[in-house]
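Undergrad: Residue numbers (the numbering used here), protein chains in the order written: chain A, 15 to 326; chain B, 49 to 143; chain C, 9 to 259.
Don't read these hints as lab results, they were simulated from the structure. Values in this document were obtained by computation on a predicted structure and should not be read as measured data. One should not assume that every hint holds.
In silico DSBU-like pairs for lysine-lysine, Cα to Cα no more than 30 angstroms straight-line [as the list claims (entries may be wrong)]: (1) B:K70 with A:K170; (2) A:K46 with A:K301; (3) C:K146 with A:K301; (4) A:K229 with B:K64; (5) C:K139 with A:K167; (6) A:K33 with A:K120; (7) A:K170 with B:K64.
Label pairs and their calculated CB-CB ranges [as the list claims (entries may be wrong)]: (8) C:D124 with B:I103: 55 to 65 angstroms; (9) A:P275 with C:R142: 37 to 47 angstroms; (10) A:I252 with C:R252: 28 to 38 angstroms; (11) C:Q72 with A:R77: 38 to 48 angstroms; (12) C:E87 with A:D244: 49 to 59 angstroms; (13) C:S212 with B:L84: 16 to 26 angstroms; (14) B:A110 with A:I32: 12 to 22 angstroms; (15) C:K128 with A:V166: 17 to 27 angstroms; (16) C:E215 with A:E280: 56 to 66 angstroms.
Stretches of chain A that chain C covers, calculated by requiring three or more beta carbons in the stretch to come under 8 angstroms of a beta carbon on chain C [what the hints assert, rightly or not]: (17) 57 to 68; (18) 185 to 194.
For glycine and all other residues, C-beta sits at the position ideal for the given N, C-alpha and C.
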Amino acid sequence: MDLQELEKRFQEKIDKEIKIEPNDWMPDEYRKTLIRQISQHAHSEIVGMLPEGNWITRAPNLRRKAVLLAKVQDEAGHGLYLYSSVETLGADREATIDDLHSGKAKYSSIFNYPAVTWADIGTIGWLVDGAAIMNQVALCRCSYGPYARGMVKICKEESFHQRQGFESLVTLCNGTPTQKAMAQDAMNRFWWPSLMMFGPSDDESPNSAQSMKWKIKRFSNDELRQSFVDATVPQAEILGLTIPDPNLKWNEETGHYDFSPINWDEFWQVVNGNGPCNKERIEARTKAKEEGMWVREAAMAYAEKRALKKTA
Amino acid sequence: MSNREWPLWEVFIRSKQGLNHKHVGSLRAPDATLALANARDVYTRRSEGISIWVIESNNVHASDPSDADSLFEPSDTKVYRHPTFYEVPDGIKHM
Amino acid sequence: MKNEALYNYVLRLGDDSLILGQRLGEWCGHGPILEEDIAMTNISLDLIGQAMSLLDYAGELDGQGKDHDALAFLRFENEYRNALLLEQPNGDFANTMMRQFLFDAFRKPLYEKLLDSTDKQIAAIAEKSLKETRYHLKHTSEWVIRLGDGTDESHQRAQTALDLLWRYTDELFFETADDVSLVASGIVPAMNEIKTQWSKTVLSVLEEATLIIPTNNWQFEGGRKGVHSEHLGFLLADLQYMQRAYPNMKW
Numbered sequence: 015m016d017l018q019e020l021e022k023r024f025q026e027k028i029d030k031e032i033k034i035e036p037n038d039w040m041p042d043e044y045r046k047t048l049i050r051q052i053s054q055h056a057h058s059e060i061v062g063m064l065p066e067g068n069w070i071t072r073a074p075n076l077r078r079k080a081v082l083l084a085k086v087q088d089e090a091g092h093g094l095y096l097y098s099s100v101e102t103l104g105a106d107r108e109a110t111i112d113d114l115h116s117g118k119a120k121y122s123s124i125f126n127y128p129a130v131t132w133a134d135i136g137t138i139g140w141l142v143d144g145a146a147i148m149n150q151v152a153l154c155r156c157s158y159g160p161y162a163r164g165m166v167k168i169c170k171e172e173s174f175h176q177r178q179g180f181e182s183l184v185t186l187c188n189g190t191p192t193q194k195a196m197a198q199d200a201m202n203r204f205w206w207p208s209l210m211m212f213g214p215s216d217d218e219s220p221n222s223a224q225s226m227k228w229k230i231k232r233f234s235n236d237e238l239r240q241s242f243v244d245a246t247v248p249q250a251e252i253l254g255l256t257i258p259d260p261n262l263k264w265n266e267e268t269g270h271y272d273f274s275p276i277n278w279d280e281f282w283q284v285v286n287g288n289g290p291c292n293k294e295r296i297e298a299r300t301k302a303k304e305e306g307m308w309v310r311e312a313a314m315a316y317a318e319k320r321a322l323k324k325t326a
Numbered sequence: 049m050s051n052r053e054w055p056l057w058e059v060f061i062r063s064k065q066g067l068n069h070k071h072v073g074s075l076r077a078p079d080a081t082l083a084l085a086n087a088r089d090v091y092t093r094r095s096e097g098i099s100i101w102v103i104e105s106n107n108v109h110a111s112d113p114s115d116a117d118s119l120f121e122p123s124d125t126k127v128y129r130h131p132t133f134y135e136v137p138d139g140i141k142h143m
Numbered sequence: 009m010k011n012e013a014l015y016n017y018v019l020r021l022g023d024d025s026l027i028l029g030q031r032l033g034e035w036c037g038h039g040p041i042l043e044e045d046i047a048m049t050n051i052s053l054d055l056i057g058q059a060m061s062l063l064d065y066a067g068e069l070d071g072q073g074k075d076h077d078a079l080a081f082l083r084f085e086n087e088y089r090n091a092l093l094l095e096q097p098n099g100d101f102a103n104t105m106m107r108q109f110l111f112d113a114f115r116k117p118l119y120e121k122l123l124d125s126t127d128k129q130i131a132a133i134a135e136k137s138l139k140e141t142r143y144h145l146k147h148t149s150e151w152v153i154r155l156g157d158g159t160d161e162s163h164q165r166a167q168t169a170l171d172l173l174w175r176y177t178d179e180l181f182f183e184t185a186d187d188v189s190l191v192a193s194g195i196v197p198a199m200n201e202i203k204t205q206w207s208k209t210v211l212s213v214l215e216e217a218t219l220i221i222p223t224n225n226w227q228f229e230g231g232r233k234g235v236h237s238e239h240l241g242f243l244l245a246d247l248q249y250m251q252r253a254y255p256n257m258k259w
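Let the hints inform the model, and build the full structure from the sequences given.
TA: In structure tokens form, the structure reads like this:
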């Protein structure tokens with residue numbers, strides 16, 4: 015079968031919403047795009063453990079400590095499901111991780127911002143996980159089987175995280191003036207970076223059209239961002255928090271909230287390594303892998319010794 | 049080949065009410081004991097009383113009969129084309 | 009107080025779980041491989057859960073309306089009753105696994121005996137916690153063996169960890185005159201029984217790990233009496249910070 019025919023059959027499957035599975039023929043570009051997207055998604059989960067992990071030892075009570083431990087553990091698990099999906103495409107997990115450490119591979123820019131107060135933890139759960147969920151629900155219908163299935167599992171767990179983050183903020187906003195101010199301060203710092211999580215406008219994204227055709231991407235960045243704003247504004251009202259955007263306004267005509275333009279300079283700077291925490295995040299992950307090498311080697315050495323003993 | 053990173057294992061879980069083991073994903077482990085332990089931690093965090101199978105990915109053999117046209121590799125192939133399933137002689141760079 | 013002897017006993021159990029859970033939580037995001045990160049966080053979570061149950065019970069026995077948070081966050085250093093072993097810094101992965109193993113090998117037989125306690129509440133806590141502890145012990149035993157009998161480097165690190173931590177193990181079996189009366193009432197087991205089980209497990213695993221037990225049996229103690237190492241202060245500064253900086257608020 016020639017290339018044209020293969021591509022035609024492949025596109026037909028996609029158009030019929032038939033999932034593409036690991037051993038199916040697929041265009042190189044489809045494979046490459048997914049490897050990049052899924053591994054960067056996985057890296058985001060792992061790097062995302064760091065700003066929150068920061069607060070495990072300082073959680074204000076034992077229940078919050080336990081909830082945060084469980085959440086960060088879930089995130090590690092999500093990273094693992096995603097690495098597992100990317101390996102089915104012929105990528106090596108550790109090689110993609112080395113790309114993360116070298117700067118070749120990216121991860122979600124939001125995790126380059128610091129988590130400086132306890133209110134940040136609730137805010138991350140509410141806004142950051144909220145934005146991630148919007149993205150992830152769409153990906154549950156991605157054309158690549160393992161990725162879509164991984165996303166279904168992740169979505170189930172993620173909604174629990176968002177609710178807990180929101181609940182933490184409800185407690186703060188109904189607490190003392192100091193606590194309410196802490197929550198407002200966190201909102202002020204995380205609102206815009208959360209909107210940036212959806213990425214640049216699609217006319218700025220060269221691969222968007224092909225990704226849509228292959229059903230790797232189901233909605234545009236702007237569509238998802240708008241859905242997020244529309245869903246979140248009423249939630250902020252319930253909390254009694256002010257969104258740091260003087261131009262945020264309900265538009266009766268469009269049925270959506272209008273909001274100010276995003277500072278794309280900041281976005282590109284942060285994505286390209288100049289965010290407040292990029293250096294620390296990558297250093298922490300690189301250190302963990304390097305310092306863990308002797309551990310991984312020890313386990314392999316032991317396994318090999320055992321295997322030899324068996325055959326002896 | 050001196051790849052000291054842990055090999056890949058496929059994980060299959062049968063839930064309490066389940067009749068059979070379902071493939072849930074993969075993980076890295078140095079041997080079967082830790083593979084089972086890790087599978088419990090990663091794939092069963094929210095449930096109890098289940099059965100876990102782990103198989104080194106390299107040892108799973110697959111064919112895909114659902115696709116009648118030869119849009120898949122011939123019989124007795126690997127479950128997917130993972131780089132570590134294939135031996136590369138030392139000295140070959142960039143692979 | 010309803011039962012001061014039992015209060016002190018339960019407080020020790022609760023503090024052990026709390027301090028060790030806190031230490032393990034520090035590894036989150038920094039483990040030697042993703043799968044181990046999840047495993048250690050899982051153990052930390054179990055320990056914090058146990059701390060909550062145990063400290064709640066201690067609060068009840070104390071009879072002053074204190075819950076697990078009041079005890080966990082608002083005592084002074086010399087009021088904590090955890091063994092010194094648990095407040096030691098994590099060090100490298102070998103040190104963390106060795107510390108955990110030595111502790112798990114103590115907790116498992118202890119919980120097993122507490123299942124038969126005449127105190128129903130402690131028996132219930134033991135039943136729930138035993139499942140978790142069995143799993144912890146299996147996990148850490150496997151690691152001690154792999155590190156001891158892995159590479160030269162891992163063997164060296166495991167031996168160093170054992171040499172360092174062995175001196176904190178006797179304190180786990182600390183028993184007061186008050187405890188003896190609890191033993192007589194069938195509420196808790198005698199520590200020498202627990203030590204026998206512990207020794208069996210530890211000797212067997214260390215032998216398989218090709219590790220050597222230190223010959224100098226000089227032992228440290230103090231934690232059980234509220235006399236702690238320099239490490240606890242820093243640990244508590246982290247643990248207690250929010251409640252001290254923002255007193256009397258709900259979270």
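Undergrad: Does each hint fit the structure? Answer for all of them.
TA: Status of the hints after comparison with the structure:
Taking the CA atoms of B:K70 and A:K170, the gap is near 18 angstroms; set against the 30 angstroms cutoff, the hint holds. At roughly 28 angstroms between alpha-carbon atoms, A:K46 and A:K301 fall within 30 angstroms of each other, so this suggested pair holds. A hinted pair counts as satisfied when its Cα atoms are at most 30 angstroms apart, and C:K146 with A:K301 qualifies at roughly 28 angstroms. About 35 angstroms separates the Cα atoms of A:K229 and B:K64, which puts this hinted pair outside 30 angstroms; it is violated.
Of the pairs offered as hints, the one joining C:K139 and A:K167 holds, with about 26 angstroms between alpha carbons and a cut-off of 30 angstroms not exceeded. At roughly 27 angstroms between alpha-carbon atoms, A:K33 and A:K120 fall within 30 angstroms of each other, so this suggested pair holds. Under the criterion of a C-alpha separation no larger than 30 angstroms, the hint pairing A:K170 with B:K64 is consistent with the structure, at around 20 angstroms. Between C:D124 and B:I103 the beta carbon distance is about 41 angstroms. The supplied range of 55 to 65 angstroms is therefore violated.
Restraint check, A:P275 to C:R142: a C-beta distance of roughly 58 angstroms breaks the suggested window 37 to 47 angstroms. At about 31 angstroms, the beta-carbon gap between A:I252 and C:R252 stays in the expected band of 28 to 38 angstroms. In this structure, C:Q72 and A:R77 break the distance hint of 38 to 48 angstroms, their C-beta atoms being roughly 21 angstroms apart. Taking the beta carbon of each, C:E87 and A:D244 are about 52 angstroms apart, inside 49 to 59 angstroms as hinted.
Taken as a hint, the range 16 to 26 angstroms holds for the pair C:S212 and B:L84, whose Cβ atoms sit roughly 21 angstroms apart. Judged by the Cβ atoms, the range 12 to 22 angstroms given for B:A110 and A:I32 holds: they are separated by roughly 18 angstroms. Between C:K128 and A:V166 the CB atoms are about 43 angstroms apart, so this pair departs from the stated range of 17 to 27 angstroms. With their beta carbons about 59 angstroms apart, C:E215 and A:E280 fall inside the hinted range of 56 to 66 angstroms.
Judged by the Cβ-Cβ criterion of 8 angstroms, the stretch 57 to 68 of chain A is covered by chain C as claimed, because 4 of its residues qualify and three suffice. For the stretch 185 to 194 of chain A, the stated coverage by chain C is satisfied: 6 residues place a CB nearer than 8 angstroms to a CB of that chain, which reaches the threshold of 3.
Comparing the model with each numbered hint stated earlier shows that hints 4, 8, 9, 11 and 15 do not hold.
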